[in-house]
Each structure stands twice: as C-alpha cells, then as structure tokens.
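Residue numbers (this note's numbering), protein chains in the order written: chain A, 1 to 734; chain B, 1 to 734.
Hints should not be assumed to be uniformly reliable.
Listed next, with one range per pair, are the computed distances between beta-carbon atoms [stated by the list, open to error]:
id, chain 1, residue 1, chain 2, residue 2, range
1, B, Gln367, A, Ser70, 35 to 45 Å
2, B, Thr629, A, Pro659, 44 to 54 Å
3, B, Gln689, A, Lys710, 34 to 44 Å
4, B, Thr673, A, Phe380, 45 to 55 Å
5, A, Ser70, B, Thr181, 55 to 65 Å
6, B, Asp301, A, Pro197, 55 to 65 Å
7, B, Gln689, A, Pro197, 15 to 25 Å
8, A, Pro659, B, Ala703, 40 to 50 Å
9, A, Asp183, B, Gln689, 47 to 57 Å
10, B, Phe162, A, Lys359, 17 to 27 Å
Think about it this way: if two alpha-carbon atoms lie no more than 25 Å apart in a straight line, the pair counts; the simulated PhoX-like pairs of lysine-lysine are [unchecked claim]:
id, chain 1, residue 1, chain 2, residue 2
11, B, Lys681, A, Lys359
12, A, Lys681, B, Lys681
13, A, Lys681, B, Lys359
Reference listing, derived: stretches of chain B covered by chain A, where coverage requires no fewer than 3 residues with Cβ under 8 Å from a Cβ of chain A [as the list claims (entries may be wrong)]:
id, region
14, 330-339
15, 677-689
Hints are computed from structural coordinates only; laboratory data are not their basis.
In this text, a Cβ means the ideal position worked out from N, Cα and C, and glycines have one as well.
There are 2 protein chains.
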Amino acid sequence: MDISSFVTSLLTSFVIFAVLVLVFTWLSRRPGNAPVYYPSVLLRGLDPWEGRGRGTRSPVGWIRQAFAASEADVVAASGVDAAVYLVFLSSVLAILAFSGIVLLPVLLPVAGTDHALEDSTGRVPRNVTDFERLALGNVQDGSARLWAFIFAVYWVSFVTYFILWRSYKHVSNLRAAARSTSDVKPEEFAMLVRDVPVPPPNQTIKDSVDSYFRALHPDTFYKAMVVTDITKADKIFQEIEGHKHKIAHAEAVYAESKIANRPEGTRPTHRTGFLGLIGKKVDTLEYCNEKIKELLPKLEDEQKSTLSEKQQRAAFVFFNSRAAAASASQTLHAQMFDEWTVTEAPEPRAVIWTNLPRKIYDRQTRQTVVYLIVFVTVVFYMIPITAISAVTTLEQLRKKLPFLKVVVDQPLLKTVLQAYLPQIALIVFLALLPTLLVFLSKSEGIPSQSHVVRASSGKYFYFIVFNVFIGYAIGSSLFSALQKVIENPTGIVTTLGSRLPGNATFFLTFVALKFFVGYGLELSRLVPLIIFHLKRKYLCKTEDEVRAAWAPGDLGYNTRVPNDLLIVTLVMCYSVIAPLILPFGVAYFALGWLIAKNQVSKIFIYENVLRVYVPIYESNGRMWPHMHTRIIAALMIYQATMLGIIGLKRFYYSTILAPLLAISLIFAYTCHTRFYPAFAKTPLEVASQQLKETPNMSTIYTAYIPACLKPEKLEDVEVFEDAQSRTTSRAPSF
Amino acid sequence: MDISSFVTSLLTSFVIFAVLVLVFTWLSRRPGNAPVYYPSVLLRGLDPWEGRGRGTRSPVGWIRQAFAASEADVVAASGVDAAVYLVFLSSVLAILAFSGIVLLPVLLPVAGTDHALEDSTGRVPRNVTDFERLALGNVQDGSARLWAFIFAVYWVSFVTYFILWRSYKHVSNLRAAARSTSDVKPEEFAMLVRDVPVPPPNQTIKDSVDSYFRALHPDTFYKAMVVTDITKADKIFQEIEGHKHKIAHAEAVYAESKIANRPEGTRPTHRTGFLGLIGKKVDTLEYCNEKIKELLPKLEDEQKSTLSEKQQRAAFVFFNSRAAAASASQTLHAQMFDEWTVTEAPEPRAVIWTNLPRKIYDRQTRQTVVYLIVFVTVVFYMIPITAISAVTTLEQLRKKLPFLKVVVDQPLLKTVLQAYLPQIALIVFLALLPTLLVFLSKSEGIPSQSHVVRASSGKYFYFIVFNVFIGYAIGSSLFSALQKVIENPTGIVTTLGSRLPGNATFFLTFVALKFFVGYGLELSRLVPLIIFHLKRKYLCKTEDEVRAAWAPGDLGYNTRVPNDLLIVTLVMCYSVIAPLILPFGVAYFALGWLIAKNQVSKIFIYENVLRVYVPIYESNGRMWPHMHTRIIAALMIYQATMLGIIGLKRFYYSTILAPLLAISLIFAYTCHTRFYPAFAKTPLEVASQQLKETPNMSTIYTAYIPACLKPEKLEDVEVFEDAQSRTTSRAPSF
C-alpha cells in the first residue's frame, strides 16, 4: 500500500466518523429518538431532558459528562461488570500511552536517521514511504541502534506488568467491595448442588437433599429447592404469555379503529393456522381470553406435577448467613467426587435451568467434545471455506451446471460473482461464529449465563488472534503454518519475525478503520435507531411493544472484549516495529473508554440511572482474570515476535529478550496465585461483613423460583413450598 | 548373556535366598535376637514367645501368620499407610498374575513356533537361547501372529485399569473409615494457618490471629497457637537431654564397676573438650548434674521469651468440632491469597516446625528451584560422573600426579582401580541420592514429614525410571537421548522399540536378583542384627540405650515404593516382549507382599501389636494417589514401547495400539476427578461422624506444644497458655 492510498483511507474513515458524530448530535436532540439514546432513563420513568437542559447535548457535552462520572457512580448505575470493562479499557490505554511517551521520541529518530532502505547511490527508492522509513525496517542489519529497540521491548513489557498488577489489585478490591455490601443478594445465601445421588426408593430427591444437608449443616441450613424439569410447564406458560400479549395488541388496534372510523370500531380477528395465514378466522380478543381460561388450570396442574414428579438430581440449598453459604460452597461434601458436588449459586436471572441436572461425566464429555470442535474450527476453518470457494469458481460452476451458462456469461455479473463468491462464504461464516460459540459454550453444561459469555469470549479470542492476526501475518492459513511448526518448532518465531514488518501498513489501516467507523456507528447507534423507527411505525401498538422495540442489550462482552483484545495484540506487536501505530492505538482506546463510559454511566450526575446498556447479569468482575490473562498472552506473542525480528537483523544480542518470556509466565503465575482465588471463591472475610437488615429468607427463596412455576399471587409461595417440600422446613435461627 | 550364565546367575541368587531364609529361621528362634525381630512386641512389654509357642517359628509358620492377619488387623496394628502399601503390592501382584494367566499360554506357543531367528538353512544359531526363542524376537516381520501380541497389550492394559479402579475405591474407603473413626485425633480439630500478615504495632501476632479467627468463626473457634522460633530453646533442651542420657549411662557403668572389681566402684569420668578426648577430666555424674541445674532455669527463661517475643507468622487454629475444622481449612479466608492461607493441620509428630513460618513467595521460589535442580539431576547426572571417571582414568592420574606412579604401576592394583573407579563414583552418588532428595524436598517448605516422604519418593521414581530403565535401554545417558528426541520427537518410540528387546535377559536377571537377594536380606534383617549385636556389646549400658539400638524405622516409603515401581515398569514393559519375565514379577510381588505383611501385622492375631515397623506418622493413605499415578505412568511407557516394537516389525496395524495411550490418560483423569479430592481434603460427610467421647480440647491443644516448650509438669500447661495468649480464651461451646 503506498502512502497516498494509506492517507486516502485514513481521510475517508475520518470523514465518515465526523459525519456520524454530527448525526449523533443532531439525532439525539430529537425527542422521538429518546428511547434509543436514553432507554434506561425512560425505563425508570424520568425525562432525559430535564435537569441541565438542552445545552448538554452539544458535541462536547457528552464528553464532559463521561468524565464527570466517578467509578462509584458507574458501579451504582451499571454494576461492577461495566466498571471492570472501563478498567480494562483504561488499563490498555495507560499501557499504550506510557509506551508511546517513551517509544515515539526514542525510536522514530533512531530509525529515521538510518539508511537500510536506501539504494547503493544513497537515495531512497520511490516506492518506500515515509511511514516505512520511520520503522524498524530502515535500521541496518547488526547495527548498534538495535539496542534501542531491545530497550523498547523491555520498557513496554515492564509498563504492562506494572499497569496490570495495579489494575488486578484495583478490580480485586472493587469485587470485594461489591461482594461485601450490606445489600441482601439471594445468590450469596445459596449454593448450587449437582450430582445428587439416586435416593432410596421410599424417598424423593427433595427429601434426600433436605436430610443430607440438614445433617451436615445443622445450625445454618435453611431450606433446599430441588431443580425440576420445567420444559412442559414453561411451554404452557409461554403460550399464556403469548395470548396475553396478543390481547393487549388487539385491544390497542381495536381502540385505534374506534377513533379513526366508526365509534364502535372493528373487532380485530386473526386466523388460527400457520403464521395466521390459513385456518379459521376468529375474534382475537374472545379467542385468546378463552384460550387463557383453558390453559390456566392446565398450567396449575402441570406446576403441581412438575414439583412432585419431575424433580431433577440438582438443587439450590439456602443458608441463613452469607458466611455459612460461602464456607459450605467451598467445602468438599461427599467422599466420592461424583456425588453432591457443590458450587456457588449463580444469580437467579443468570441460571440456565436446563444445564443444572447434567451429571459430572456428561459435563466432562461435553466439554472435551466442545474444546475439540473449537480447536478444529480455529485451526482448520480455512479448509471448508477454501473448498467452497474452489467449488464455486465460475469455471467449475459452468462445467457442473451447464444451465447456468446464460447467467454466468453476462460480463458484469461474472466479474461481481468472481470477486465476491469466496468472501461471501467467509463473511457468512464469520457472522455466524459468535452465535455458534455461545451455543457451543452453553452445550458444555455451564450453569450460568455469565459463565457462558466468558467461555465463548475466550474461544472467540483464540479464533480472531490466530486467524486474523497470525493467519494474515504468516500469509497462509494457520493449518499450513502449523505444519511448518511441527517440522521446525523454533521456526514460528523466525516466520513471524520475517512476515510481520511487511504488514505494518495494513494493520495500521485496520486499527484506524475500526476506530473511525466502528466507534462512529457505536456512538450514533444508527442501526438500532433505524430498526426502532421501523418497528414503531409498522409493528408496535401497545406501550409494552414500544418498550420491547428499544430494549437495550448488555455490553455484548462475548464479541466486544475479544475484538478489543485483538487491537491490543496488534498495536503491541507493531509498537516497536512501527511506533507510529501507537497514537492510533491510544486514540482507539481513549475514544473507546469515552464512549463506553458515556453509555454506561448516568447522564446527569445527580440521577442514578443507566445510560444505554442495561446489564442482564452481574458477575462482580469475574471477567477480569480472563482479560488479564489474554493481555499477557498478547504481550507474550509480542515478545516472541520481537525476538524473531531482531534476531533476523543479525543482532546477536537479541537473545537478551528471551528472559522476558519467562518473566511474563512468572508474572502471570504470581498474579494467578495471588488474586485469582478471590475471584473463583468467596473469601470468608468478605462474606462475614454485616448486613444492612435481617435478610428475609422467604424472599431469597422465592427469587429462585422459575417464572413458569411462580403462582399467580405471591402469597401462594407457601403452597409452592408445601408441594415441593414434604419435610417440615426448619425456621432460620436468627 | 547366554543361557548358561543366565541360569547360573538365577541359581546363585536362589541359593543365597535359601541360605538367608534358613538363617532367619535359626536366628529368630534365639531369644537374644528378639529385639531385632519383634521390637514392637517388646516395646509394649510383651513376651514374643508366649502364646502359640515355638512351633510357629518354623520356616512356614510366619507365612501362615502373614495370611491369617486381616486388613483390619493391619490397620489396627500399623495404621492405614501400612495397609495401603499392602494394597499396592497386592494390586500389582493381581495385575501381573492376571496378565500372566493369559499371556503365558497364548504368547509362548505363538512365539516359540515361529522361525525369525533361524538362519537360511532352517537351523537355530548356537548363540540364540531358548529364552530368546520364546520371545517376540522370534516372530517374523509382518506376521499375522503379531495380532496375538496386540491383543496381549490390550489385555494387560484393561486388567490394569480394572484392578487400579477397584484398588482406588478400596483405599478411598479405607481412608474414609480411618478418618471417620470415633477416636479423637488432634489434627482433625486443627487447621494450619500460614502467611499471617504483619499485625498493627500495638498487637502481637497471637492477638491478631485470635481476633481474626474469632470474628470469622464465632461459634466454632476454640483457641490458636502461634508458631514460635524454637531453635534456641530446642538447643538448650537437647543439651539437657544429652546430659540426662550421659548420667544414665554413667550410672550403669558405675554400677557395673562396683560388681566387677571393688564394692565402692570407680566413678566414671570424661574430658570436657572435643569428643571427650581433650580438656579437663571431670566426674561425669557430678558434672552433668551441675550442668542440668545450670541449664534448667536458662531453659525456662528461654521458653518464656520464645513464647512472647519469638512469635512467627504462622499458627495452628483449633476448633471445637471436626466438621468445623474440616470446613474452615477448605474455605478461602482472605481476599488476598498471600495472606491467611489455611490448610489441614499435619499430625503433631509429623510437623516440620522450621518450615511453617515460610512465606508463600518464599515457598514458591524454593519449589521452583528444587524442581529445577531435580530436573537437572535426572537429565544430566551422567555428565559429572562421566567427567569424574574421565579425569580419574589411571593414565590421566599418572600424568597429573606423577608421585602416584609407584602405586598405579602395580599390576593387580591397576586392574582393580581401572575396573572400579567410575563405578565407585556412581555408587557413592546413588547411595547419597535418597538423602539428597529428602533434603531437597524439605527445603521446599513442606509443613509435614509425611508430605516430604511423598515428595522425595516422587522425585526418586523419576530418577530411577529415567536412568536405570530408559537410560540403560537406550544405551546412553538420558541427555543424549533427549537430544535425539528434540531433533525428532516421534523417534523416542522407535528408539525404545528397537532397543528394549535386546535387553530382556539383563532385566530378567535384574528382577530375579532383586527378588532373591533383596528379599532375603529384608526377611533375615541380617544388617540390623549385626549392628544391634555390635552396639549392645560395645556401646549400650542402659536399657534405654539397648532400646534405641533396636529401634525400628518406618517402612522407608521414599526408596521402597520407587524401587517397587521400577520393577512394575520393567515387568510390564517386558510382559509382552518376553512373557517369561511375568512369573518372576509375580514371585517378586507375592513374596514382597508376604514379607511386608509379616512385618507389618501383629505376630499373634490376638495381640494388638506391631511386628517390625513402627510408623513414625500416619497420613491415612495419602501415598495411594501417588502410587496410582505412577503405575499408570508405567503402563503408558509400556504402551508407547509396544507401539514402537510392533511398528518396527513392519506390522501396519500397530497403530491400533495408539488409542490405548489416550484411554490411559482418560482413565487417569477420571480417577483423579473422582477419588482425589477426598485425599486432598476432608469430606464433610466423613468429618461429621459422631465421636466416642466429648473431646478434651486442652489435650488436643497440648499435643501441638513442641517438646522443648513443654513445661516439666503437665499441670503447667495453663502457664504456657497464659504466656502465649494475652486475650482471655473462650471456652469451647459444648
């Protein structure tokens, strides 16, 4: 890529970004768009424009607001997970900024004043850009100037260690603070028990769980809730909910028709067959009300039979203090590991009910199979795609399907098809990948939603780093690279070293594009806005439906974090090869931090509300160790690459870089032993903090009842308990 | 080795064995030897010859007795560790016996009727022994007969899985039974706390430990005992003990002199200088009594100052129930992992006091360094020895030290020296190795003696398997083998495959020798007997001294188990190559089991006493997972070897063996997840068993007071507590 097209590409991206920012500023001032930009504010029934008035909607207003919010505000508004994501962004930003402060003034002059790229007459050839002259490529082989580059690698590494250590400590304290608040959280009083052994014939599972835990925790056991197979009950429940929704929609339509045409209106009708297109035409309101009347007793029967007959071999056990629950969930209960396995309970809203009753051997098998599939996907994904594109070349198509000749021989169509067929295959695959990974992670038997997100995020990271970065850099699919590695294990470093510098410009453009276009879209929320307006215009009739249309998702950790990590890996690896990439990296994470903070923190400091994202679960920062490890992985790829590149420059002191790899491993291990246990388990110190109020144990218990099993009125909870519990429950001993 | 020398070697070994058995029978009938053969009986003040009378001392009498003792008897007499060692021997025996039952009748005819070793005229060359004709070497390349060998490998593998699974289950139950007995064991009420943070300036460590655990375990905390630096107090204590011992010895000598010469006797004297050889001559009795009088107040002062001023940052915390201690020791206490780390308390008698206060980073560093040293020792130990032997060749010596010429030129001496110099270096090194490994394991900072034994046993296993077996088989030091492996990773299987069959006779002789001579010596206890008689004749004067002279050690796990495991590895690897090794393996472990049981179980079934070995600690079978893993390692070496050997026979179906390696890994992993947690932690199920009596908490507490800090009278324990504890201790809440 020559310098002019590089500049063109940067300029184009910047223009797009500027336009999107202007669009955002303009659109967010229009009241009709409020649900897209301030959903949380509306969710809590507040008016987003009261308070400081319209002045704050200027292009810089939101920046000031983003800075104004403190971390405590973020935690209060969006939870610890959002705050941890901000810590991640600011840590990476700090790493890159501190690196840049030293690397730019040191390395640019060192590289720029050397002459490796000049030809024998001392002139720089025409096709060498200024960008390339300011990079490692311009330093002569074996030159003492390479010491500066070795120093730079050490500087970046130690900056990373320092920042990561501080951040881990910080997040660790955040988590401890969040876990030791005096609020009563149901999951802190509960423990998840799986692999309950088959009870003796005269006992139900519920009875055996009750008696087992009452015997082992006589003073602290409160009650147990056996997991039941709710598939059927849930189906009926969803049917009823669907009918209720239809009634609300029909009523709105009916009311509208009254005003528009005649005072009596038209009663809405629909057909009962497939998609409402075929079958008998019925009056919607009457039909649905009748259906609900039919289904309600059915649901009640099903609820009862589910509770008594469909007990599964898993349970939630509740304790009357946080410390007791924390201690119990960390203690081995049974002599045999495949019975009575206990773990901390996930949040009620994050529980994946269908995964709970899976047996330990089932879970292990599933995990092994999933890992295998992911490994094969990461390593060999190029093969099916190459195969598809090979089959779908036009020549092949013409031969095999002669009737296509007429179409294929059109010159324009031919060009387009030829250019895009393989890419389309690749794009479709890549678009489906996150969904596939979430599905695979769920199949492992993981009990909670937040854990699934972490698991699929990890898988996605490996995929994009190996394929986008290493795959592109080595200039071949990972499969052929692996072959080379097997033949010559130390060759990977040399290969990376020889290939990476050539691709500097490409990746610089990549980062810039991600920065301008990606963030522009993110900030302006153009896509959700369009979808929202379309839905409101043509589909939504009731308030609930409008609300559903602008319902915001969570941050989307599972693709967002790996993508950020890819940028980290890229910028780190090129930080010393071509230091000019650093400002782009810094800009990327600085803007990323601003936008995330803007979306995550409250709009006005005195209103305790969310901005755009509503968290669907709270894992108290369990994502951090995951991010931490992967930043270190990026650092180690970087260190190995530099070892190769400087070695290729015939610089015999390049082995001075080798200890860095060992230091990184030791650093990772030390952080892991020091901080990780407090993320995997609840320390007793934290769980023993005083509570604000005496916990209402029955509320805690009720929180874990699945929606489809909840009786219509909350007072009926006792009925639920009686149905499930046959032994008299012991009162908590406060 | 030809057949005649092989038979000679076997016969010689057998004769030695027979002689040793006869010696045992004769010697053990002589009352003077009783302390060597029945120390435990004497230790408990019983007469070994009462009961069934002398008839039981016939050569077969002890075999009958060994069979008569049940496992419960063994546990009662020698503890779970001894019983687990018997389970280990019987498991291996069962594996080899079941393998032999199928392999001998199947493989011997298959191999014996083939013709690979015949020359072109159809005759068997003279140098081929019958032994070699009955082995895999006689099967022709690519012959379908190799299917029988592949089947044999599968048979051995599945027999091993089956037996190991059963044994693990059995040992697991043994351990659970031992841990859930109703006896009060101090270690079950205690927890070891390390990495206590520096207390605030106005608090002692003891205070901060007390207040921390009282806050976290308000209902179950009994008391804490801070570890103190007892080096100085222990030195004074040992000095006093030494003087007491000297007085007893001198009194005995004095009494003897009275009878022998004159009624008034000679008062024994000694010199106070180095080794009693120089210095002033003093009256021993007076001098020692005076010294004790001097030292006793010094000890008391030192005890007091130790308790108050030499507190270390580690402590034992006592709970008032077993379940509470088990649960607490499994629960993470602090937010930071490097503070308040808790583990189960080791037995009082197994505690290594000096290791307790080591900080977590110190421990990790030490462990890393030790592992590195062991790795280097295992891999490179041949280098210094080769170097030494290179330097110490006689030619070299003559050149460098010309004055040795006179000695070295003697023809006889020259031959002897030339033959043995390198071996002497090797033997010295190998003799020192177990001690070195125990020392290294202790340096890791391991808190208990039993753990040190496990750790050094593991290291020794790697050493002997890699060096004796693989080293000898590959015909070079492991170092050059490793070089080959790095160059060509899959080559190791081929190398093993091509080298092993040639060494079959050597290893068969090795097993036979170990069997006859090793067990002969073990059974007859000739060496301890000679040492005992020498000591009694020339050194011992008092009863206590005689007792010390025949004091039996424990089983010596740290060298015994790895040596047994080496035999397992050998016999397994050759079981299919040369099935004739199997009977020797079976005989080895059958006799091993008999002798171990004989020594470990009580002599007469109705007397609950030990036979020869007195356990110095009880780890409730924690050695088993260690043995289990290493048997699987042996199995995997065997499977890889067979893959290589059958592959070298140009048999293309040899890859059918590859899945076995994966199956072994899965088996190991499954066993680990299923059984191991109950070995590493105490299940709550087990700890919640009822106790026989209300535990006396002060006895439990006193058990952990080191000998040198124990006041002279036991009633003074309260003083000890007051000195150590500044807060009023809370009474246990029974």
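Now the hints, each set against the structure:
1. The hinted range of 35 to 45 Å is satisfied by Gln367/B and Ser70/A, whose Cβ atoms lie roughly 43 Å apart.
2. Remark: the range hint 44 to 54 Å for Thr629/B to Pro659/A is contradicted by a beta-carbon distance near 33 Å.
3. For the hinted restraint 34 to 44 Å between Gln689/B and Lys710/A, the CB-CB distance of approximately 40 Å keeps it satisfied.
4. The hinted window of 45 to 55 Å between Thr673/B and Phe380/A is violated, with their beta carbons roughly 30 Å apart.
5. At about 58 Å, the CB distance of Ser70/A to Thr181/B agrees with the hint of 55 to 65 Å.
6. Between Asp301/B and Pro197/A the Cβ separation comes to about 59 Å, which falls inside the hinted range of 55 to 65 Å.
7. In this structure the hint that Gln689/B and Pro197/A lie 15 to 25 Å apart at CB holds, the actual value being about 19 Å.
8. Our hint of 40 to 50 Å for Pro659/A and Ala703/B holds, since their Cβ atoms are close to 48 Å apart.
9. Against the hinted window of 47 to 57 Å, the Cβ-Cβ separation of Asp183/A and Gln689/B comes to about 38 Å, which falls outside the hint.
10. Between Phe162/B and Lys359/A the Cβ separation comes to about 22 Å, which falls inside the hinted range of 17 to 27 Å.
11. For the hint linking Lys681/B to Lys359/A, the alpha-carbon distance of about 22 Å falls within 25 Å, and the restraint holds.
12. Between Lys681/A and Lys681/B, the direct Cα distance comes to roughly 16 Å. Compliance with the 25 Å bound is thereby established for this hinted pair.
13. A threshold of 25 Å between alpha carbons decides the hint, and for Lys681/A with Lys359/B the separation of about 22 Å falls inside it, so the pair holds.
14. Coverage of the region 330-339 of chain B by chain A holds in this model, with 9 residues showing a Cβ closer than 8 Å to a Cβ of that chain against a need of three.
15. Counting residues of the region 677-689 of chain B whose CB lies closer than 8 Å to any CB of chain A gives 9, which reaches the minimum of 3, so the coverage claim holds.
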